[in-house]
Amino acid sequence: MTIEAMTGFADQARDSARAFRRMLDAMARPGRILSLEPDFDVPAPLLPAAAAICLTLCDYDTPLWLDASLSEPAILDFLRFQTGAPITADIAPARFLLCTPGSALQALAGAHRGDAEYPDASATLIIQVPSLSAGGRLILEGPGIDGEQDFRTLGLDAAFWDTMQDNHQLFPLGCDVFFASASGISALPRSTHIKREGHA
Amino acid sequence: MTTGYNFAYLNEQTKRMIRRALLKAVAIPGYQVPFASREMPMPYGWGTGGVQVTASILTPEDTLKVIDQGADDTTNAVSIRKFFKRTAEVATTEETAKASIIQTRHRIPEAPLREDQILVFQVPIPEPLRFLEPRETETRKMHALEEYGIMHVKLYEDIARHGHIATSYAYPAKVNGRYVFDPSPIPKFDNPKLDSCAALQLFGAGREKRIYAVPPYTQVKSLDFEDHPFTIQKWDEPCALCGARGTYLDEIILDDRGKRMFVCSDTDHCRKARSGEEAA
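Protein sequence lines correspond, in order, to chains G and H.
Just so you know, the first sequence maps onto residues 1 to 200 in my numbering.
Just so you know, the second sequence maps onto residues 1 to 280 in my numbering.
Hints were generated in silico from the structure; no laboratory data involved.
Glycine is no exception: its CB is placed at the ideal position from the N, C-alpha and C atoms.
Watch out, some of these pointers could steer you wrong.
Straight-line distance between alpha carbons at most 27 Å, and here's what the computed DSSO-like set of lysine-lysine pairs gives [stated by the list, open to error]:
no.	chain 1	residue 1	chain 2	residue 2
1	H	K234	H	K259
2	G	K195	H	K221
3	H	K98	H	K188
4	G	K195	H	K98
5	H	K221	H	K141
6	H	K209	H	K221
Here are a few chain H residues that sit away from chain G, every Cβ distance over 12 Å (derived from the structure) [unchecked claim]:
no.	residue
7	A21
8	G45
9	N76
10	K82
11	A111
12	E115
13	P134
14	V153
15	A160
16	P215
17	E237
18	P238
19	D250
20	E251
21	D255
22	T267
Please construct the entire structure, taking both the sequences and the accompanying hints into account.
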């Protein structure tokens, strides 16, 4: 049996504070891309930026769901050891859902949306995407955006964006989504109105 | 670090819990997110909510400014500034333009805020409906149903009794067209600054265990009536120290024979105006 060294933030308090500020800025300014490149190695295919979000926000209070492509033993061990979050096989009870474009629709459709008196009880999705600069153009409007903001991602299909628009219609209910690429993050909270070219 | 405290005082699990609440607060503008507020080394009413929010967003690179009623040199502001200087070793400033995080009790600085700044409010009673409906179960339902009729009745009763809306601080406003919120006991003079502000605005209520937020560029509309539109306070005279008009003035009693003067409540803004600097 081999035990691989699994390091997290070198200076947990300060590094996670820096990571959180990027995440807070991302959520406060939907669609903006912010760099997030943590100083630790993560087991592939987990992206460092997605791992940094998990290590900053997840703990024993937050059931975490991972899609099949990310449910590698090395990743599960890494996240269990670093965060202590219970890994759940069901989507509904998860507070955080770590997914890829292939599973994003399933996760978004099944995730907890909060309830009318506690809309904050909803889940947060972390979607690993190949790029935040290529792909079809979306136009964002809403709180945090001065006028309009462009947004691009690769790999997410029309059915996913339909569901994201439904998610916005549910406001104040709904899920909030972080997108993580190789070097950065961006966020789309439920409050953001998403317009697609060629769609209403 | 030799203080024996974790960076920014709070332990990491507490910060994660508060950080999760902050992200949800930003995602649902104006909605009060419950959080597991901790006991802090200061009494309730001295900014325990604001301090917990600041501790959770602070990074070593930040420059912190703390004001109490606009002033940097009052007990509350001085002690909170020293608290973070000691536990987080961050730089502090009294200049609005140089701060990246501004924790405030009951004022918004006169100088316009920028995108790279965050304003943290200390909130005593986060629930705008609380004095009209004491039951949390009921106010929660009213927010869920967007049922804000009693707030308009309260403002109407002001008009019926006084001829105008007499509420002059903690003036209720609607955020992003959905949640009515309490902007903390800032004078209504500051309400227009909440609207479409470039900076992120976070609110922490320690005793009441609530966090809420107004994201940048978000509509904040003070409640009013078509025939009684929202207005802010105005003064007949300028600041007695810097001569500024259009700033919020504090009344200072000079003797026991009715002599008094009005001076800017924002001490940094007033100082800059007097020294001839551009109050950025």
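Cross-check of the supplied hints:
Straight-line distance between C-alpha atoms of K234 (chain H) and K259 (chain H) comes to about 20 Å, which keeps the hinted pair within the 27 Å bound. Taking the CA atoms of K195 (chain G) and K221 (chain H), the gap is near 25 Å; set against the 27 Å cutoff, the hint holds. With a C-alpha separation of about 26 Å, the suggested pairing of K98 (chain H) with K188 (chain H) holds against the 27 Å cut-off. As the CA atoms of K195 (chain G) and K98 (chain H) are separated by approximately 37 Å, the hinted pair breaks the 27 Å bound.
Taking the CA atoms of K221 (chain H) and K141 (chain H), the gap is near 22 Å; set against the 27 Å cutoff, the hint holds. Straight-line distance between C-alpha atoms of K209 (chain H) and K221 (chain H) comes to about 25 Å, which keeps the hinted pair within the 27 Å bound. A21 (chain H), annotated as away from the interface, has a beta carbon of chain G within 12 Å; the closest lies near 7 Å. The Cβ of G45 (chain H) sits about 25 Å from the closest Cβ of chain G, beyond the 12 Å cut-off, so the non-interface label holds.
Listed as a non-interface residue, N76 (chain H) keeps its Cβ farther than 12 Å from every Cβ of chain G; the least gap is roughly 24 Å. The Cβ of K82 (chain H) sits about 20 Å from the closest Cβ of chain G, beyond the 12 Å cut-off, so the non-interface label holds. Distance to chain G confirms A111 (chain H) as a non-interface residue, since its nearest Cβ pair spans about 19 Å, more than 12 Å. For E115 (chain H), the condition that its CB be more than 12 Å from all CB atoms of chain G is violated, with the nearest at approximately 8 Å.
Remark: the non-interface label on P134 (chain H) is consistent with the geometry, its nearest Cβ contact in chain G lying 17 Å away (cut-off 12 Å). With a cut of 12 Å on Cβ distances, V153 (chain H) stays outside the contact zone with chain G, its closest approach being about 23 Å. No Cβ of chain G approaches the Cβ of A160 (chain H) within 12 Å, the least distance being about 32 Å, so the stated non-interface status holds. Interface exclusion of P215 (chain H) from chain G breaks down, the closest Cβ pair being 4 Å apart, not more than 12 Å.
With 12 Å as the threshold on Cβ separation, the claim that E237 (chain H) sits away from chain G holds: the shortest Cβ distance comes to roughly 36 Å. Once the 12 Å rule is applied to beta carbons, P238 (chain H) is consistent with being away from chain G; the minimum gap is 33 Å. No Cβ of chain G approaches the Cβ of D250 (chain H) within 12 Å, the least distance being about 32 Å, so the stated non-interface status holds. The beta carbon of E251 (chain H) is kept farther than 12 Å from every beta carbon of chain G, the shortest such distance being approximately 37 Å.
Every beta carbon of chain G lies more than 12 Å from that of D255 (chain H), the smallest distance being close to 48 Å; the non-interface claim holds. No beta-carbon of chain G is positioned within 12 Å of the beta-carbon of T267 (chain H); the least distance is around 28 Å.
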